[in-house]
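S.K.: Here are the chains, one letter per residue:
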Amino acid sequence: MDAGIEDHLAAGRHARAFDLVVPAYKDRVFRLAYSILKERAAAEDATQETLVRVWKALPGFDGRAQLGTWIYAITRNTCLMELRRRRPMVSFDDPDSTEAQHAAASIASGPAADPERDNLLRLVDALPRNQQEAVRLFYLEDRSYEAVAEQLGMPLGTVKNLLHRARKRLMELARPDEVIAA
Amino acid sequence: MNDPTLIGPCADYEHELVELHDGELPPEHARIVRLHVAQCARCRAWAEQFAALDATLAAELPQPALSPAFDARLRERLSALGVPAARGELRSRIELEHDSLIESLRKVTWRRGLLGAVGSAAATLGVLAAAKGLLARSTDWTSLLGDGPERWVAMGTLGATIAVAALAWSAMRRGVLGLGWPR
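Chains U and P, in that order, are what the protein sequence lines are.
Per my numbering, residue 1 is the first one in the first sequence, and the count goes up by one each step.
Per my numbering, residue 1 is the first one in the second sequence, and the count goes up by one each step.
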């Protein structure tokens, strides 16, 4: 898929290369942005911003990294800048943090319009941020470990571990009364 | 709170049960794990619980999509930006600037070198002419400086003159801060 794009880039036809980049990457960039920002509108804005940056920087792309790796790195930076811009923000990176404990408490007691679905979304929101991103992206990318690893810029083994820990934690939170032990 | 970790002899199967569910295990390895699951109620329960969670996440997590207006909005933004400079253009622009800088440095160096050479030649000729004059006038040139305290005053004046001349020459070659001369 990227071969045509790279041919155009090598020949200096950046506008034509970009015409192929947009349909090839816009949805994946959007899904990655959504997994980080958790809001559709914000993810769409971040996708716009990412593609504008790609457009500006494409003539300087030297091909040392894979095109996708480069685009996803721009996406992640764009999203992180957006997260930094938002104040105040709550981090769930540390599951033992006060914020995470408050979130867990609200999961147990908060009201819900669609209780089962709402509860599940809040459980995912209570995970450490990197686990949340991996879980959202994994299910958005049709359960592809490779796609998640490429988009998050992580080794495959790291992604598998992250998802394993995340889903185990969700099992623990979702079924507090059932015990599976030897 | 429940800890869904498999413990005891089944602990090793936890990752494999996930990989079996995700279809990531090689066929022979998958067959071995399936045989174990068929015989082990704990692992079967764990695998069922995991499969249920996986199905729920796949069904319930939002699957958002870009709005239909996305492409038009992007085109609008890009048309306002214009075409970015190509890498080749950027490089040749930088190379031109670099060449022009090197050329101007060469010119300044050449001019300074020429001035220095002319100055040095003039100073050498002056010293030689003065020495020749002194030798022609007297074999004992120290008598020109007088006697007693008069000699020390003359030598001091000569030394000060040489020092001022050296300072002026150096300033002319390297520039003097505060006077706006080129350095």
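Since the hints were derived computationally from the structure, they do not count as laboratory data.
Misleading hints may appear alongside valid ones.
Covered stretches of chain U (in silico footprint by chain P; criterion: 3 or more residues with CB under 8 Å from a CB of chain P, positions within the stretch not fixed) [as the list claims (entries may be wrong)]:
(1) 68-75
(2) 123-136
(3) 140-152
Derived CB-CB ranges, DEER-like [what the hints assert, rightly or not]:
(4) His-21/P to Asn-77/U: 29 to 39 Å
(5) Arg-165/U to Gln-63/P: 20 to 30 Å
(6) Gly-4/U to Thr-109/P: 46 to 56 Å
(7) Gly-116/P to Gly-60/U: 39 to 49 Å
(8) Thr-56/P to Glu-6/U: 35 to 45 Å
(9) Ala-123/P to Gly-60/U: 47 to 57 Å
(10) Gly-153/U to Thr-56/P: 24 to 34 Å
(11) Arg-165/U to Arg-31/P: 20 to 30 Å
(12) Ala-69/P to Glu-6/U: 24 to 34 Å
In this text, all values refer to a predicted model and were calculated from it rather than measured experimentally.
C-beta: ideal position from N, C-alpha, C; glycine also.
S.K.: Against this structure, judge whether each hint is valid.
M.R.: Comparing the hints with the structure gives:
1. 68-75: Our answer is that it is violated, as 0 residues pass the Cβ test (under 8 Å) against chain P, missing three.
2. 123-136: holds (count 3)
3. 140-152: holds (count 3)
4. His-21/P to Asn-77/U: 29 to 39 Å: This hint holds: roughly 34 Å between Cβ atoms.
5. Arg-165/U to Gln-63/P: 20 to 30 Å: holds (24 Å)
6. Gly-4/U to Thr-109/P: 46 to 56 Å: holds (51 Å)
7. Gly-116/P to Gly-60/U: 39 to 49 Å: Distance hint for Gly-116/P, Gly-60/U holds at roughly 44 Å.
8. Thr-56/P to Glu-6/U: 35 to 45 Å: Since Thr-56/P and Glu-6/U have Cβ atoms about 41 Å apart, the given range 35 to 45 Å holds.
9. Ala-123/P to Gly-60/U: 47 to 57 Å: holds (55 Å)
10. Gly-153/U to Thr-56/P: 24 to 34 Å: With a Cβ separation near 28 Å, Gly-153/U and Thr-56/P satisfy 24 to 34 Å, so the hint holds.
11. Arg-165/U to Arg-31/P: 20 to 30 Å: holds (27 Å)
12. Ala-69/P to Glu-6/U: 24 to 34 Å: holds (30 Å)
Consistency with the previously given hints fails for number 1 only.
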